[in-house]
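Undergrad: Below, each chain spelled out in residue letters.
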Amino acid sequence: MIEGQLAIWLNISTILVLSFIIANFSVSVFISILAQQFLTIQVESRKIILWLLVILPWLASISVALLFLNGYMTSTIFDSEAEYAHWHHMSEFNWLSWHGATLMIALSCMFYLVANKLIKLNIHRKKLLSLTSLSQPIDNNIFEIQVSNPGAFTAGFIRKKCFITSGMLKEMTREEVNVILGHEKAHAQMNDPLKKWLFSVFCEFFIPTLAKHLKLHMMLAMEQAADNAVVTNEVPSTFVAGTLVKVARLNANYTPLKENELVVNFGADILEQRVYFLLGQLTLKPANKWLTALFITLIFIGILSSIDGVHHIIETVFSH
Amino acid sequence: MQLGELEKMVLQYLWQHKSADVKEVYNHFEKIRGGSLNTYQSTLDRLYKKELLSRYKVINAYQYQPKIGRHELIGQLIKSVTNDFVTDENSLVAAFSSISQDFNEEQLDKLDALIEAQRIKLAQDK
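If you read the sequences in order, they're chains V and E. Going by our numbering, the first residue of the first sequence is number 1, and it counts up by one from there. Going by our numbering, the first residue of the second sequence is number 1, and it counts up by one from there.
Keep in mind the hints are simulated off the structure, nothing from the lab. Only a predicted model underlies this, so the values are computations on that prediction, with no experimental measurement involved. Quick reminder that beta carbons are idealized off the backbone N, C-alpha and C, glycines included. Treat the hints with care, as some may be off.
[Unchecked claim] Among the chain V residues that face chain E by a calculated CB cut under 8 angstroms, a handful are:
1) 131
2) 136
3) 137
4) 138
5) 142
6) 145
7) 147
8) 153
9) 155
10) 245
11) 272
12) 275
[To be verified] Here are some chain V residues the structure puts well away from chain E; computed CB gaps all over 12 angstroms:
13) 30
14) 92
15) 106
16) 111
17) 135
18) 302
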């Protein structure tokens, strides 16, 4: 049994874990119900909403844990069990209790997820260095990869590099290549590789199906923003959309179509969304600030009101 | 795994000649860029340690061969670097064509027709 200051911090950490689970569940329900509605929101607002959704469980759980800590230090919410939110035996902590087990499982999961991400990041860094070594620089931070398959992409966190294959350069006109490179440069300027990775780290804490949906929405928003960055007076949106379809056609020739219906539909939806967006056929609205603020408040109140109940439900089965 | 200039040149040579020992490599490059036999021996060793070359002993010298072809290596690296963000969260790239592979001709024709219609409409508006 641990007592005193350390026990308080460990109990606060357990509160943080429980709050995170409740917030994550609430946000997941919200996403499951309203995911399709995200497509009607303007690109920049959509990006903010998506970031907010993946960060919200962290923000809400940290806020609740701090509120509990402050409450304990100032003895306002622990005076009576009848208070709105309270926690028993705040200054005692036993590793062989559900509090201890919850904390250990959470720490193990967190360690596994973060370590896994960092290992993959390191592998990616090494492969990217190799690919850069075998590519031909054609402009400032633009490299040509000598393979016949058409493709173009941007990678790198600090030194962002744009790659284009010789197959792509061969098949496309100079104007189309400018559109593709402009699109890639826009990704580099907006730090999309780093943002994509960070977003995927936060998504790791959601169930895989939901994480996939969130990443898909973020990918679409990033692609639409990069497509939009290329459109100028000289380069009309119809030309950018045409280039996009031409590249899709080339890729279809090189890559066998996947049979997974879900994947095909997602792909179709995204390309269509990008083309419709460029052609101005989507009516996109800004996010409603009041509704967003109400949602955040509801999540926060939801955690505060349910953490005590969750605590009691768990203790009908396990000892603390 | 980063490749130095000389490593890339030696690898390129072995991709063209399939197999060579250090003396053959040295004889080829000595005329072009100089350097000692030891320089080329250590370059071949480094490429072997990076698992890009395989080697076997013939009498007293190692015969080096590329373990993987140029296009195969680049293809593997591209695939690894650009794994799709949605199907593989390891992906750290933003790609122009990342989401356009799962399409059929009919869908693409439909989109082309839509773009053409928009083009005509914009031209008429002017």
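Undergrad: So, for every hint listed, does it hold in this structure?
TA: Hints, one by one, checked against the model:
Because the beta carbon of residue 131(V) sits about 4 angstroms from the nearest beta carbon in chain E, less than 8 angstroms, this interface hint is met. Checking residue 136(V) against chain E: minimum C-beta separation of about 11 angstroms lies over 8 angstroms; hint violated. At about 13 angstroms, the closest approach between the beta carbon of residue 137(V) and any beta carbon in chain E exceeds 8 angstroms, and the interface hint on this residue is violated. Below 8 angstroms, beta-carbon pairs count as interface contacts, and residue 138(V) has none with chain E, the closest being about 16 angstroms; its hint is therefore violated.
Interface hint status for residue 142(V): violated, as the beta-carbon distance to the closest one in chain E is roughly 13 angstroms, over 8 angstroms. About 6 angstroms separates the beta-carbon of residue 145(V) from the nearest beta-carbon of chain E, less than 8 angstroms, and the hint is met. Restraint check, residue 147(V) versus chain E: the minimum CB separation of about 5 angstroms is within 8 angstroms; hint holds. For residue 153(V), the shortest C-beta to C-beta distance to chain E is roughly 4 angstroms, which falls under 8 angstroms, so the interface hint holds.
Using the Cβ-Cβ criterion of 8 angstroms, the hint placing residue 155(V) at the interface with chain E is satisfied: the shortest such distance is roughly 4 angstroms. With its C-beta approaching chain E no nearer than about 5 angstroms, residue 245(V) sits inside the 8 angstroms limit, and its interface hint holds. At its closest, the beta carbon of residue 272(V) sits 7 angstroms from a beta carbon of chain E; the interface hint therefore holds under the 8 angstroms criterion. Interface restraint check: residue 275(V) against chain E, minimum CB-CB distance 5 angstroms, threshold 8 angstroms, status holds.
Distance to chain E confirms residue 30(V) as a non-interface residue, since its nearest Cβ pair spans about 21 angstroms, more than 12 angstroms. At roughly 40 angstroms from the closest C-beta of chain E, the C-beta of residue 92(V) stays outside 12 angstroms, upholding its exclusion from the interface. Consistency note on residue 106(V): stated as away from chain E, and its beta-carbon is indeed over 12 angstroms from all of that chain's, at 20 angstroms minimum. With a minimum CB-CB distance of about 18 angstroms to chain E, residue 111(V) clears the 12 angstroms threshold, and the non-interface call stands.
With a cut of 12 angstroms on Cβ distances, residue 135(V) falls inside the contact zone with chain E, its closest approach being about 8 angstroms. The beta carbon of residue 302(V) is kept farther than 12 angstroms from every beta carbon of chain E, the shortest such distance being approximately 28 angstroms.
The structure shown violates the earlier hints numbered 2, 3, 4, 5 and 17.
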